[in-house]
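Asks: Chain by chain, the residues run as shown.
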Amino acid sequence: MHAEHIKHDFEPKIVAFVCTWCTYAGADLAGTSRMQYPSNVRVLKFPCTGRIDPVFILRAFQKGADGVLVSGCHPGDCHYMAGNFHARRRFAAFRALLNFVGVDLNRLQFSWVSAAEGGKWVDVVTELTERVRTMGPMPEFKELEHEEQWSTFAGTSVDKSTVLNSPELKEAYDSIG
Amino acid sequence: MSRIGVFVCHCGENISRTVDVEQVAKAAGEIPGVAYSCDYKYMCSDPGQTLLKKAVAEHKLDGVLVAACSPRMHEKTFRKAAEAAGLNPYLCEMANIREHCSWVHEDRDMATAKAKDIVKLMVERVRKGKSLAPITVPVTKRALVIGGGIAGIQAALDVADAGHQVVLVERDPSIGGHMAQLSETFPTLDCSQCIMTPKMVDVANHPNITLYTYSEIEKVDGYIGNFQVTVKHKARSVDESKCTGCGVCMTKCPKKKIPNEFDQGHGMRPAIYVPFPQAVPNTPVIDRENCTMFQSGKCGVCAKVCGPGAVDYEQKDTLTVEDVGAIVVATGFKLYTIDRKPEGSPIQGYGEFGYGTIPDIIDGMTFERLASASGPTGGKILRPSDGKEPKQVVFIQCVGSRAREKGISYCSKVCCMYTAKHTMLYHHKVHDGQAYVFFMDARTPGKGYDEFWRRAVEEEEAVYIRGMVSRMYQRGDKIVVMGSDIQVGTQVEIEADLVVLATAVQPQDGADLLAQKLGISYDKYNFYSEAHAKLKPVECATAGIYLAGACQGPKDIPDTVSQASAAAAKVMTLFAKDKLERDPVVAKVNEKYCVGCFACKKVCAYGAIEEKEIRDRQGNLVKKVAYVNPGVCGGCGTCQATCPSKSIELDGYTDEQIMAMIEAL
Ligand SMILES: Cc1cc2nc3c(=O)[nH]c(=O)nc-3n(C[C@H](O)[C@H](O)[C@H](O)COP(=O)(O)OP(=O)(O)OC[C@H]3O[C@@H](n4cnc5c(N)ncnc54)[C@H](O)[C@@H]3O)c2cc1C
Ligand code: SF4
Ligand code: SF4
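Taken in sequence, the protein lines are chains H and S. Residue numbering for the first sequence follows this note's numbering, starting at 1 and increasing by one per position. Residue numbering for the second sequence follows this note's numbering, starting at 1001 and increasing by one per position.
Keep in mind that the hints were calculated from the coordinates and are not lab data. Be a bit skeptical, because a hint or two may be false.
[Stated by the list, open to error] Each computed DMTMM-like pair below joins lysine to aspartate or glutamate, with the alpha-carbon atoms no more than 25 Å apart:
no.	chain 1	residue 1	chain 2	residue 2
1	H	LYS63	S	ASP1109
2	S	LYS1429	S	GLU1461
3	S	LYS1602	H	ASP9
4	S	LYS1380	S	GLU1461
5	H	LYS63	S	GLU1649
6	S	LYS1429	S	GLU1389
7	H	LYS63	S	GLU1663
8	S	LYS1534	H	GLU127
Work the whole structure out from these sequences, hints included.
Replies: What follows is the structure, encoded as structure tokens:
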């Protein structure tokens, strides 16, 4: 029942958290230049990537996003001088945390897209969408829940597969928001 | 918010061609809390805006979403319309279904589905929106200008002539900057001092200008409209109020052999001195490092001969605090000098040019002093080593500039022109002499500039050689210059009596430190960064601080003066109102939850976060909390994402708003 090797034919939900000054404007430019890209992305505008709390990313994954993009100004171009540096640092730490809890980091991308880079916006969004499409729907939270259950059986000889398929677990999973 | 109105725009065909706008409007109408929804051909048109205003009144809407183009295009338009209808403008938002949807997706079903989603997200944002009131800050109508070169002088005079008080701070003993050092100036060859010194005198005499020379900026607090600047007045050892500028002290000073900085170290000056005869103010200063009195306690000649008793060895550095509303930074440039590689200079040095060991290799500014009537040679071109008139002079352009491999990739902008000028000045003074110029390109954009350059080449007999110099060395009393002529494809060797290097224009020493005090940004070379390379070339990203002259990048005098006047105009615009209105998207602290860790303070690039004491009725300190100064806050929200106790929030982008949008995904 593992997801990795199945060919997925689904429309991934991609959420992009972007800053107003560079990436949002870059996406605008892609629009005015009539460049085409997959329609899977939903853009949330922030003043600065510095405003983006990692909790938003977690919540987005929880709410069914299959991929999350965080994008802002190139280093040195931040409208607020250093917001993107703080963001970069914060996300480096956050990625490590995600990795630790078992979320596939290929689902979360950080990028610099300037107001002049309409083409880059298209590339970044297209790439992420296609990558996530091959990865399949976001299963990690489900698995996370399993892991938690496993730990209660750690050291015992309980067969994990039966635990995973237990009705209690299914119920527990279904009750997650 | 329970009565939201959604207006879906066709944008002619731009949106409706790929997005089924009727369906989007219908779906929007079904979102709980949406009291009204419609679609319309051109929302931004007059009838479109009227439609919005009427709907607000008729349906008692308390929030508005316009699904149309990018908010970067029309957010202001619709916020104004909403305001006219009696709504708070910040309760009006835009959903971008053109740039982010119809224009980039051809598939009508997909695009329509996406447009519906975007509208759904944004309705949540409107629902959780708050009314925001514009922030007003009082403006102190007094300006500070840092640097007294032509840039600072021009800016100070313009602002002062407009009737505002100006404080001009110059770190040298006199104002004037580099322009005062120049001999004649391109492209007209008029005498620099003749046009400069009257302006310097104007500054000193202007009733609205307070001039502090030999002073530096110690500390800058506050924000646009309300800066408090601490200025350090270095001890001159001469009381400015008593000194008459007679100059007796200078003639009697026994220490006379100190290289004069103004003459690029070529003339000599005493330990008590004015940098040059036309200095403003004409008050001497004692160079304590070279003064016998200060070094060994014996001498005191100047104090004895000073009639008005102005010499004061006990004088101390003093500080004053100046309240100003705007700051113009005009600290200018320095030249990379081949015999004095400044510490931390990005340029790697020119060992192949006999790095600083050959006395007759000089820089452009030294040549200016040699050519200047007020210079160390009285305007005669004589070479430093033996005072002989050089008959063959080699000029080398782009020394350090445009040399990526040496560490600087930018063009110093003035060298092509001043080298052409130098060849002319030389030719006018040494009729039988020959000038050679090694150059790679001639860059002479500017009114009358190319004509000027051609004159140097075509009429004034300078020999221009396109190519690089590979090596220079001393042979007897000559300097052998070995280079290539890439047009002819040969090696050339010239026996020169004097070599003049057009060395790179670099920012002043300490430019980075000053930027840190001011909270403005600078590039990797330490030139100050403008807020926008094209549209805001005189503003800094930090509100209320403006740039003028070569501190921002290499510039000639006309460009410097233009920018200085532009900066002055910006200051005057700021001073035109008593109160400043600014965007209310700023952070606020919830003092109840703030634990006073000041993590926010560390990340705020604007220095907007202050420490505030909370006291009980008896006046005992309860705790310290963060306070965001709304006048300073740039509105990035970095503090909010950093705050571990979630006690700081950016208006307009609250957690509640963003979470609601994510919920609606
Ligand atoms: C060799 C040479 C020849 C040139 N010839 C010409 C010409 O013929 N025509 C032409 O148009 N341009 C010419 N230029 C360019 C011209 O010199 C500059 O455009 C002009 O001087 C720039 O003025 P500024 O006020 O920006 O800077 P500056 O002249 O450098 O003045 C800056 C002032 O700020 C002061 N300062 C620096 N740091 C601080 C601080 N931290 N606090 C307080 N004060 C500070 C300095 O002491 C100085 O007085 C020439 C340049 C060179 C190098
Ligand atoms: S607002 Fe938050 S980050 Fe700032 S001092 Fe208070 S608790 Fe710390
Ligand atoms: S929003 Fe940005 S500028 Fe304003 S206080 Fe927070 S960190 Fe500083």
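Asks: Could you tell me which of the hints above the structure violates, numbers in ascending order?
Replies: 3 and 8
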